[in-house]
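Residue numbers are given in our numbering: position 73 of the sequence shown equals residue 81, and the series is strictly consecutive.
Quick caveat, the hints were computed from the structure, so don't treat them as lab data.
Careful, some of the hints might be misleading.
To be verified - Under the rule of at most 16 Å between Cα atoms (straight-line distance), these lysine to aspartate or glutamate pairs were calculated in the EDC-like manner:
#1 Lys10 to Asp102
#2 Lys85 to Asp124
#3 Lys179 to Glu320
#4 Lys85 to Asp130
Unchecked claim - Computed beta-carbon distance windows for the label pairs:
#5 Leu185 to Asp17: 48 to 54 Å
#6 Pro207 to Arg262: 15 to 21 Å
#7 Glu168 to Ser16: 46 to 52 Å
#8 Gln155 to Glu66: 34 to 40 Å
The beta carbon of each residue, even a glycine, is placed where N, CA and C say it ideally should be.
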Amino acid sequence: MKGEVLASDAALQALRPEWDTLWRRVPGATPFQSPAWLLAWWSAFGTGLPRVALLRREGRLAGVLPLYILEEAGQRKLLPIGVGITDYFDALIDPALGPAAAGRLLGLALAAVREDQVGACDLTDLPPGAAMREATLPAGWRGTLHQTDPCPVLQLPPDEAGLIAAIPRGKRRDLRLALNRARRIGGCSTEVADAESGPALLEALIALHQTRWVGQGSGAGLADPRVLAFHRAAVPELLACGVVRLQVLRFGPRIVAGFYALLAGRDRILFYLSGFDPAQARESPGTILLGRMIEDAVGEGRRELHFLRGGEGYKYQWGGVDRMNASRHLVPA
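Please take these sequences and the hints and turn them into a complete structure.
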């Protein structure tokens, strides 16, 4: 098993075909670990120096730990590529390498930054089960692990008959009321984006999200041109990979709600971003669309809906139960 560390933009871009092949063959990998997501992030936000640790087995790429050096206020630290808008971070490792591979990748990355005068490494947004939570530290480094953000998860039933038990009674009542109100104004319909319609539906969702949140002094992320550039670059590629779902709700011809979710394997759907028209708040279009998403996920055999970072109340109203992300802070001993 051979290791190396990429330290240039050109090398990072050249890695893409191999990286994509590894991502597709690792069971349990999420779209957050894909080159489609992370290279789009690097194009939008990558102002530091890449330090991407790799492992190869018999010449084939078998492990990737994508980090970079950020210099801030005269201090240098090592951070995950994707930090800030990536809810789950971890190394991408072929299971054939075994559990020691995580420590090997981390050791490569930390050894490579000794000459860069890096004062710390922060491995953020590590979900339960992440290899980087337990990766062995090399000599000369020490670290602490602490819980950070709640990431509520709704366990989905094995079939549609179990939906009544899976969704709390109060939310089932809200959904019935919303559907009845929508019928009284002419009914509703949904549309799922494909490669052709994806960019237009993404723009509609961005407009809804901004109208709903940015105008209230919240949700400022989508007011950042770099965040918008990232999503506009990443979504078409994720659609081509079949791992993003953009779905909108219409009252008549008008789009009144939309969501943006990521598909992780066959069993998980990750609810990333949503928006709805505040003018239709009485009909609760967001509730209708999320209810439809849950129905579709159950029909597809998915077992978990991940609401991702944040303890917003609506996640628990749908039955979400916290799983805690963690952050690992590493410093030279």
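Hint compliance check: list the failing hint numbers for this structure, sorted ascending. none
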